Structure formats: structure tokens, C-alpha cells
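Asker: Chains as they are written, first to last, in my numbering: chain A, 19 to 115; chain B, -3 to 242; chain C, 54 to 123.
Quick caveat, the hints were computed from the structure, so don't treat them as lab data. Errors might be hidden in some of the hints.
[What the hints assert, rightly or not] With the Cβ distance kept under 8 Å, some of the chain A side facing chain B (calculated, not the full set):
no., residue
1, Met58
2, Glu59
3, Leu63
4, Glu68
5, Glu76
6, Glu77
7, Arg78
8, Gly80
9, Leu83
10, Met84
[As the list claims (entries may be wrong)] To give an idea of the chain C side of the interface with chain B (calculated C-beta under 7 Å), a few residues:
no., residue
11, Val77
12, Asp78
13, Asp81
14, Arg82
15, Leu83
16, Gly86
17, Val88
18, Asp93
19, Val94
Source: prediction; values computed, not measured. Ideal Cβ placement from N, Cα and C applies to all residues, glycine included.
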Amino acid sequence: MNEAEELLGAATRLETDADSVERDLMKLVLTVVELLRQLMERQALRRVEEGGLTEDQEERLGLTLMLLEQRLTELRDRYGLAAADLNLDLGPLGTLL
Amino acid sequence: MSWYCYAVAEFAPENPAKGVTGLRACPVSALSAAGLTALVSPVPDEEFDDTVLQANLEHLPWLEEIARAHHAVVDEASRRTGVLPLRMATIYRDEHRVREMLAEHSAKFIEALRRVRNHAEWGVKVFAALRNAPEEEEPADGRSYLRQRIRQRKARDAGTDEAIGVAERIERELRQLSAEIHRHRNQDPALTGRADRNILNLACLVPDTSRDRFLARIEQLRQPAEAGIVVEVTGPWAPYSFAGIS
Amino acid sequence: MGPVLVRGDLVSAAVEQPDRLALVDLLDRLLAGGVVLTGDVVLSVAEVDLVHISLRALITSVREGRPAPW
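The whole structure should be built from the sequences, with the hints applied where relevant.
Answerer: Written out as C-alpha cells, the structure reads:
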């Protein structure tokens, strides 16, 4: 899943640039990135449940998502943000979109 | 200078908003025609002109100021007489236009005022806490991660289904004690600032004579207390959600 | 008595001091409720809706490093 891998790459580059980015801007960025991650994950899980992916594809997809989540958790921790601080909820009744 | 309109009431000799201040501390006036009275106050053209207004409405502190001032007028007037609140930011260029508006919609206003007379609006909101996923082991590989996430989402959805069941039961019960019910859009966590999720946002038009029974029924519906479910009631409100005239 | 937030014991609600009304509850009514008339100022209310405001609230609160103000 190209988009997820691109996002993972971007998240890694963000950390490298962390010192030169204002903290509040970083929080805004993380909120948006988390939003995208949740959207992406939802889409990915739907594809997995529908079937039609090879084991290899599933493995790669799962690994990418897992690493993305880990990376974002690290970034959150670095800026002292709990998941709740990003105040997003994209459950079945999510209303942000 | 333009006129900001707050609400419409049945005509009465005395201004139902006498002594009430509206936006920017201007006194609220009563403009009457066709058996109706519009509650208005003057506002500067510069702030309330077409494009300026649109931009201002997206400026949150401005929006809050206007909303609270508008509500203060409606609230006070509604304690003195029946009123139909207008939607925010209804502006007319001069008095003549206001009276023209009253005359044009006179029959519909009178019918709507009759419909809501001796009723009050009550807001009932149900919130559901997100269920915490039980601790699980770190997934060994990508596919286990996927399976874990699917399991967690299913569990969360089941919790949501349960909460929706509670909400539907509450709504069914309240329909029987209300003249009318209106479902508002579920409130966004970004606006509520709460960690739990708004799953039901109702406005109930309740006859004053049924008020105690209505409130008591909500209290009963709260029992037994379901984990993570919160029911909040606001009111009494003027009939904002039932003021529609077509 | 104006709108109050009624939690817990409803029987005693009548004598409680009202909490400050939540802006979100006001906006539900003033932006999505009330009589809709074509005033002299043409306002496209559909463009000023609660989703739009939600997004702005989120961006503002994140930028200012504090919880959403309501």
C-alpha cells in the first residue's frame, strides 16, 4: 500500500526536522497525520476483510500500518501528547468528516 | 445601520423585550405589523454586510459573541411571552422591511406560535465512552497486527451498537412524552471537548403540563446506570428547533 | 429560569444554579434551528455549518496548545 509507506516516510522525515519545527505546528501536523492514519487503517482493514489479498500483500500491509502506528506514537510521546489530546474519533459515528 | 432580528412574538402592547439589551449593548426594540412583533436591535452595516458577515461567522470568537447575545434576548423574551426564535444573523436594512417581512409571513408565524404555545424545548444528549480494548500482546508480524486491529475494531463497534441500542430506547420513550422530536446532528468531539462520543442529540418539544413527567422518565431511563453511558439534559429552551415555517 | 444543565438528580434541578451554556448547544439551535427567513443580507447558511466550525475549532485549539474552548 503505497500511500501508507509514503506516510511512514514522511513521518520519519518530520522527526529529523523536529528541531526546526515549532511545537505547536508539530501538534497540528500530528493531528492531521493521525486523522489520515485512521482513515488509511480503516480502508486497509476493509480490504483485508473483503479478501483478495495474497498472504504477502497482507503481511506487507500489516507491517506498514504497524510501523506507522509505532512511529506516530513515538512522535506523540516526544511532544508530550496523549492520543486523547488529538481529540479525534473516527468510529462508525465519527462526525469530523 | 441595519436591524438584527432575534425572534417573532404575538403582538402585545408592551415590548416583550423591554429592558433587555442585545448585541453590543444596544436596547432591543419591538417592531410590529400584522398582529406580530419582531424583536430587533441596531447593528453596524460594516460588520453585518454580505461578505463581511460570511467571514465573521467563521471567526469563532465573533460567532460566540453573537450566539450568546442572540440567545440572551430570546431567553428573556420567552419567559414573558411565546416567541419563535429566528436563526442567527437575520438582518434587514430598515424598519419598513421588517414590517414587510412580518406581513408577508403573518399567517405562518401565527400558526407556528399557536403550535408551540405552552410548550418548552428540552435537549437530551446521550454520550458513550469509547470502550478500552483489553491488553493484548505485541503482534509478531504484519498479519497478526491486522487480525488484532480487526478484532479491536469489532469490539469497539459492538460497544457502539450497544450504546446505539440504549439511545434508540431513550428516543422511543421520549417520543411518547413529547409533542415533537427533532434530531440534531451528533456533536463533534472537537466542539464538545469531551473524550466520549455524542451518539444522540435530541430536541424535544414538551407541553409544560408534561414537564415533570418527562424529566422523571429520563431519570428512570438512566437506571440501571449503563457503563460508559451519560445522559445530559438541557432546558427549558425557547422552541428553537421547532420554529420552522415553510 | 433559563436553560440549565441538568445532570444527576433531576428533582433538585430547579434550584441549582445554571452552568454556563455550552456554545455547541447554542450553535445547534442558532445555526441549525430557528426560523429561516431571507433577510436583506444574503447569507449562505449551508456554508457556515457545524462541520466547518468543528474543523476550525480543532485547528485553532491545536495551534493554541489548549483544549477546545467549549
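Asker: Hints first: check each against the structure and report whether it holds.
Answerer: To see whether the hints hold, each was checked on the structure:
A distance limit of 8 Å between C-beta atoms decides the matter here; for methionine 58(A) the minimum to chain B is near 12 Å, and the interface restraint is violated. About 7 Å separates the beta-carbon of glutamate 59(A) from the nearest beta-carbon of chain B, less than 8 Å, and the hint is met. Below 8 Å, beta-carbon pairs count as interface contacts, and leucine 63(A) has one with chain B at about 6 Å; its hint therefore holds. Because the smallest distance between the Cβ of glutamate 68(A) and any Cβ of chain B comes to about 12 Å, over 8 Å, the interface hint for this residue is violated.
Annotation: interface hint on glutamate 76(A) holds; nearest CB of chain B at approximately 5 Å, less than 8 Å. Given the 8 Å rule on beta carbons, the hint for glutamate 77(A) holds: about 4 Å separates it from the nearest Cβ of chain B. For arginine 78(A), the suggested interface contact is upheld, since its CB lies about 6 Å from the closest CB of chain B, less than 8 Å. A distance limit of 8 Å between C-beta atoms decides the matter here; for glycine 80(A) the minimum to chain B is near 3 Å, and the interface restraint holds.
Because the beta carbon of leucine 83(A) sits about 7 Å from the nearest beta carbon in chain B, less than 8 Å, this interface hint is met. Proximity of methionine 84(A) to chain B holds as hinted, the smallest CB-CB distance being about 4 Å (cut-off 8 Å). With 7 Å as the threshold, the beta carbon of valine 77(C) comes within range of chain B, its nearest partner Cβ sitting at about 4 Å, so the hint holds. Using the Cβ-Cβ criterion of 7 Å, the hint placing aspartate 78(C) at the interface with chain B is satisfied: the shortest such distance is roughly 6 Å.
With a least beta-carbon distance of about 5 Å to chain B, the hint placing aspartate 81(C) at the interface is held under the 7 Å criterion. Taking 7 Å as the C-beta contact cut-off toward chain B, the hint placing arginine 82(C) at the interface holds, the least distance being around 4 Å. At about 4 Å, the closest approach between the beta carbon of leucine 83(C) and any beta carbon in chain B falls short of 7 Å, and the interface hint on this residue holds. The closest approach between the C-beta of glycine 86(C) and any C-beta of chain B is roughly 4 Å, which is under the 7 Å cut-off, so the hint is satisfied.
The closest approach between the C-beta of valine 88(C) and any C-beta of chain B is roughly 5 Å, which is under the 7 Å cut-off, so the hint is satisfied. The restraint placing aspartate 93(C) at the interface with chain B holds, with a minimum CB-CB distance near 5 Å, inside the 7 Å limit. For valine 94(C), the interface hint holds, since its Cβ comes within 7 Å of a Cβ in chain B; the closest pair sits about 4 Å apart.
Violated hints for the displayed structure, listed by number in ascending order: 1, 4.
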